[in-house]
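**Student:** Here are the chains, one letter per residue:
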Amino acid sequence: NAGVTQTPKFQVLKTGQSMTLQCAQDMNHEYMSWYRQDPGMGLRLIHYSVGAGITDQGEVPNGYNVSRSTTEDFPLRLLSAAPSQTSVYFCAAQGPVGEQFFGPGTRLTVL
Amino acid sequence: QQQVKQSPQSLIVQKGGISIINCAYENTAFDYFPWYQQFPGKGPALLIAIRPDVSEKKEGRFTISFNKSAKQFSLHIMDSQPGDSATYFCAASMRPGNQFYFGTGTSLTVIP
Numbered sequence: 001n002a003g004v005t006q007t008p009k010f011q012v013l014k015t016g017q018s019m020t021l022q023c024a025q026d027m028n029h030e031y032m033s034w035y036r037q038d039p040g041m042g043l044r045l046i047h048y049s050v051g052a053g054i055t056d057q058g059e060v061p062n063g064y065n066v067s068r069s070t071t072e073d074f075p076l077r078l079l080s081a082a083p084s085q086t087s088v089y090f091c092a093a094q095g096p097v098g099e100q101f102f103g104p105g106t107r108l109t110v111l
Numbered sequence: 001q002q003q004v005k006q007s008p009q010s011l012i013v014q015k016g017g018i019s020i021i022n023c024a025y026e027n028t029a030f031d032y033f034p035w036y037q038q039f040p041g042k043g044p045a046l047l048i049a050i051r052p053d054v055s056e057k058k059e060g061r062f063t064i065s066f067n068k069s070a071k072q073f074s075l076h077i078m079d080s081q082p083g084d085s086a087t088y089f090c091a092a093s094m095r096p097g098n099q100f101y102f103g104t105g106t107s108l109t110v111i112p
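Line by line, the protein sequences give chains A and B.
For the first sequence, my numbering begins at 1 and goes up steadily by one.
For the second sequence, my numbering begins at 1 and goes up steadily by one.
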């Protein structure tokens, strides 16, 4: 039982490049989220999904897209990377009583 | 606008001492208040959580105190150990399936 997995662990992009951060869970939880973590700012919600085919914006959605075609997978797409998107990204799946299970994170640097 | 305000930003405690981290919120619709622990290079992990129908919850050395009238809750770590050195986040949400709002984190260092 792997829980929540994320790939890649590290990524360096040039400004303007696009990429997809992968997230998968094997707990069959409906609710999944993407957060970014920046020093002194805690975890900020980018996008979330309450189930396959349903997504919505969080606090900081600009520059990011998501889709949810299956319960297991919730990829995050950076459309045109900017230095302001340098951050650590965490994917999470939420259990039935509200507990969140986080992945190990992706550290992204945009040059 | 920060939905959940956390203090202090950093905390240094001697081994065996008590670590106290505080959080405050404004939205009275919040009804789930978890604390997460994060070690360097790892994702946050749920430590302990409370709902507003109780004023205190204890799990081992970790206790949440909840003051509904003051809209505040705090994490107490008794007999703090060097292995407790980590970043701690408080959070709040309205019900399962709703958005979580996190505090800005507290970096705890426990010195031997």
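Hint data in this document are derived by calculation from the structure and do not stem from the laboratory.
There may be inaccurate statements among the hints.
Straight-line alpha carbon distances no greater than 20 Å define the calculated DMTMM-like cross-link-like pairs of lysine to aspartate or glutamate that follow [as the list claims (entries may be wrong)]:
| no. | chain 1 | residue 1 | chain 2 | residue 2 |
| --- | --- | --- | --- | --- |
| 1 | B | K42 | A | D56 |
| 2 | A | K9 | A | E30 |
| 3 | B | K42 | A | E99 |
| 4 | B | K57 | A | D26 |
| 5 | B | K5 | A | D26 |
| 6 | B | K57 | A | E99 |
| 7 | B | K42 | A | E30 |
| 8 | B | K68 | B | D84 |
| 9 | B | K71 | B | E56 |
Restraint ranges, calculated between C-beta atoms of paired labels, are given here [stated by the list, open to error]:
| no. | chain 1 | residue 1 | chain 2 | residue 2 | range |
| --- | --- | --- | --- | --- | --- |
| 10 | A | S69 | B | A29 | 27 to 33 Å |
| 11 | A | V88 | B | T109 | 16 to 22 Å |
| 12 | B | P82 | A | F10 | 44 to 50 Å |
Even for Gly, the Cβ is constructed at its ideal location relative to N, Cα and C.
**Student:** Confirm or reject each hint.
**Tutor:** Okay, the hints, checked on the actual structure:
1. For the proposed pair K42/B and D56/A, the alpha carbon gap of about 26 Å is over 20 Å, so the pair is violated.
2. The suggested pairing of K9/A with E30/A is violated, with an alpha-carbon distance near 24 Å, which exceeds 20 Å.
3. The straight-line distance between the Cα atoms of K42/B and E99/A is roughly 17 Å, inside the 20 Å bound, and the hint therefore holds.
4. The hinted pair formed by K57/B and D26/A fails the criterion: a straight-line CA distance of about 30 Å is larger than 20 Å.
5. For the given pair, K5/B sits about 33 Å from D26/A by alpha-carbon distance, which is inconsistent with the 20 Å threshold.
6. For the given pair, K57/B sits about 16 Å from E99/A by alpha-carbon distance, which is consistent with the 20 Å threshold.
7. Only pairs whose Cα atoms come within 20 Å are accepted, and K42/B paired with E30/A is rejected, the gap being roughly 23 Å.
8. A C-alpha spacing of about 27 Å is found between K68/B and D84/B, which places the hinted pair above 20 Å, so the restraint is violated.
9. Annotation: proposed proximity of K71/B to E56/B holds, straight-line Cα distance about 14 Å (limit 20 Å).
10. Checked against the hint of 27 to 33 Å, the pair S69/A and A29/B passes, with Cβ atoms roughly 32 Å apart.
11. Hint check: V88/A to T109/B, Cβ distance near 20 Å, so the stated range 16 to 22 Å holds.
12. Hint check: P82/B to F10/A, Cβ distance near 28 Å, so the stated range 44 to 50 Å is violated.
Figure legend: structure checked against the earlier numbered hints; hints not met, in rising order: 1, 2, 4, 5, 7, 8, 12.
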